[in-house]
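Q: Residue numbers (the UniProt record's numbering): 1 to 126.
Worth flagging that the hints you see were computed from the coordinates, not collected in a lab.
It is possible that part of the hints are untrue.
Per label pair, the in silico range of CB-to-CB distance [stated by the list, open to error]: (1) Leu17 x Ala97: 48 to 58 Å; (2) Gln91 x Gln23: 49 to 59 Å; (3) Leu19 x Glu116: 43 to 53 Å.
Using N, Cα and C, we set each Cβ at its ideal position, and we do this for glycine too.
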Amino acid sequence: MQKLRQRGFDLSGSEELFLQLEQWGYLDESRFAHAYARSRAVRGQGPAKVRQELRQRGVPPALISAALGQEEVDWWEGCLELTRRRFDGTQLADYGARQKARRFLMGRGFDRDQIEYAFEELSRGE
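Make the full structure from the sequences, and use the hints.
A: Put into structure tokens, the structure is as follows:
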């Protein structure tokens, strides 16, 4: 409703409509937050970035935490897969390349522990 108001729509009398849509399950912030987190994880984004984007969309903090903590999303493996796709394991032996990879992954929303896990797994696989 906030978006509609911002765009200048007259919402007088529409409260009942929105309440009915919520009751039918068509408007569900929790379902939106979970789906959004899953879709962003598939695209190679980390939890910090997803949290920021959900906050910008006005999702309550409790729903954001629940969406980021869902079992279907493995942020650690997501970071590893993105690192594997983006960087060659031999490149990461060089300190400068490792720092560049770290900055890239942090920009994608992964935390230091997830990044170190990905680096260790890649070096172990070599």
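Q: Does the Cβ distance between Gln91 and Gln23 fall inside 49 to 59 Å?
A: 54 Å, holds
Q: Could you check the hint for me, namely that Leu19 and Glu116 are 43 to 53 Å apart, CB to CB?
A: 48 Å, holds
Q: With 48 to 58 Å as the target window, see if Leu17 and Ala97 comply at their CB atoms.
A: Once the Cβ atoms are compared, 55 Å apart, the range 48 to 58 Å for Ala97 and Leu17 holds.
When held up to the earlier numbered hints, the structure conflicts with none and fits them all.
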